[in-house]
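With chain A held as given, fit chain B onto it using these hints.
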Amino acid sequence: MDGRDNGGRRWLRRIMPIGFVLSIAILFWVMRVPILTGVGKSLNVGTLPQKSDYVFVLLGNSETRPFIAAALYKCGLAKQVLVAQLQPIYHLNFQQPEDIVTTDALVAQDVLRNDIIFLEHRCASTIDEVIALSKFLKSHPSASVTIVTSDFHTRRTRWTTQQVLKEAAGRCSFVAAPVDGITADNWWQSEEGFALYVTEGLKLFAYFVQYGGSSRFLIPAITIVLFSAWLASKYW
Amino acid sequence: MLIILIALVAVPAPRSAFLRCCLFLVISEDKLINADVVTFSHQSRGQTAGLNQLAQWAKQEKVNHVVLIGRPPTRTDRCQASVPFEQLGRDQLIRLGVPPNRIDTITSTGRDRATEIAALGQHLQQNTASKVIVLTDRISTRLYHQICSSTLDAEIASRISIVGLPEQMFDLQNWWHSRAGVRNVVIAILELLHAYAHGGQTVPGETWDAEQYEKDLCEWTAETMAADDG
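Sequence order for the protein chains is A and B. Numbering-wise, the first sequence is residues 799 to 1034 according to the working numbering. Numbering-wise, the second sequence is residues 128 to 357 according to the working numbering.
Because the hints were derived from the structure by calculation, they are not lab data. Hints are supplied without guarantee of correctness; some may be wrong.
Said to hold, decoys possible - Keeping only pairs whose Cα atoms sit at most 16 Å apart, straight-line, the calculated EDC-like set for lysine to aspartate or glutamate is:
no., chain 1, residue 1, chain 2, residue 2
1, A, LYS872, B, GLU341
2, A, LYS933, A, ASP908
3, A, LYS872, B, GLU338
4, B, LYS258, B, GLU294
5, A, LYS877, A, ASP913
6, A, LYS849, B, GLU188
7, A, LYS872, A, ASP908
8, A, LYS936, A, GLU918
9, A, LYS839, A, GLU965
10, A, LYS849, B, ASP163
11, A, LYS872, A, ASP913
12, B, LYS186, B, ASP163
13, A, LYS872, B, ASP343
14, B, LYS258, B, GLU338
15, A, LYS877, A, ASP908
16, A, LYS849, B, GLU350
17, A, LYS872, B, GLU346
18, A, LYS849, B, ASP355
19, B, LYS258, B, GLU282
20, B, LYS342, A, ASP913
Pulled out of the complex, with its shape left as it was, chain A reads as follows:
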């Protein structure tokens, strides 16, 4: 009798983790729309536009970002537009490089060429662009800047700005540019949106590890994973 009880208990103990994982999976599936929408919205920390000395348009999606920057400039919310320059390797392709397209789009939207300032530091990533901005702000110590980037990219941009600029980050505000056809409400439905948002999540994590003092949380995280794996192999 005792043996049968022990057998049942052992069986129950083995099946419990499977049941737990299954119920989490079912819960996620049922709640997937609000969960995925919430994840998408959490990446957007853009605010309402405010008056500043400069608007800095980040390179990446030249289909909307320069148009937002031009609108801010034309409505009198910024006096000049800052554009980063890509590293020379990006100019070797037969296609037009993003910095040139962005500049041409600004000019096409009636931004005066004289009001476009090219930042000197050559860029290949978000952190490079923020470093370029920090160099500019060192020579303009009282300037305020509105940074325009895609909605899902604002959180990483704000975090990177805070890491690089420290106190000067207080002089920056962040305006979110939309991405045509892809929002926080539907990003997982298209191939492009799925790749954009998931890679953004991974990049945010990578930036956190690489530029945010990884040991602070990486060692506890690895310890928890290894301990969980040990528990699973012992009892399951």
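Frame of chain A; chain B shown alone:
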């Protein structure tokens, strides 16, 4: 299980082998065949290398026609800040010595691969070419296989051969050593997963009106400033 996990994470040799094996997830190339048509799209990475390859095959008469697949004019195309891929590509091919009468262009109705492959399918129905090579970057080859099989008739899909370009931006065998390699391989895996899960879903075209945004913003600014002054 735990030992395998630790070995994969910590020991270089099994980790490299495992990461190299990840490429099997995304690469599925066909053999190079003699084809009437070779296509190349704005979606593919490594466009300079792709166009050079197309020009070489066209000049060696391995293919009769080159078809470039573009997308509808974008906002930057319309304000002449950028030039559509098919136009740039055509000019580049002519510069590389391909006769203009052997270059065709197709403009797909959307900006995703499923729409692009559907446009290619229509083109092939109208122009009954016997064999077609779809040239793309190597890490997108399995994705194209999946999209072709889910989008096209089996008969048309059977006439398509998907061939990968050698990777220019990073060493494919050690993709995890470079930022470009990690980014591109991860994106390729995500796109493939999405194609298996949601195959054929398309992204709507332009949904944002830049002119309306500017009008609303200027009105809002004027109102806010008036309220602040008041």
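We went through each hint and held it up to the structure:
| no. | hint | result |
| --- | --- | --- |
| 1 | A:LYS872 with B:GLU341 | holds (8 Å) |
| 2 | A:LYS933 with A:ASP908 | violated (27 Å) |
| 3 | A:LYS872 with B:GLU338 | holds (12 Å) |
| 4 | B:LYS258 with B:GLU294 | violated (25 Å) |
| 5 | A:LYS877 with A:ASP913 | holds (7 Å) |
| 6 | A:LYS849 with B:GLU188 | violated (60 Å) |
| 7 | A:LYS872 with A:ASP908 | holds (8 Å) |
| 8 | A:LYS936 with A:GLU918 | holds (13 Å) |
| 9 | A:LYS839 with A:GLU965 | violated (26 Å) |
| 10 | A:LYS849 with B:ASP163 | violated (59 Å) |
| 11 | A:LYS872 with A:ASP913 | holds (11 Å) |
| 12 | B:LYS186 with B:ASP163 | holds (13 Å) |
| 13 | A:LYS872 with B:ASP343 | holds (12 Å) |
| 14 | B:LYS258 with B:GLU338 | violated (46 Å) |
| 15 | A:LYS877 with A:ASP908 | holds (13 Å) |
| 16 | A:LYS849 with B:GLU350 | holds (14 Å) |
| 17 | A:LYS872 with B:GLU346 | holds (12 Å) |
| 18 | A:LYS849 with B:ASP355 | holds (13 Å) |
| 19 | B:LYS258 with B:GLU282 | holds (11 Å) |
| 20 | B:LYS342 with A:ASP913 | violated (21 Å) |
Hints 2, 4, 6, 9, 10, 14 and 20 from the list above are not met by this structure, while the remaining hints are.
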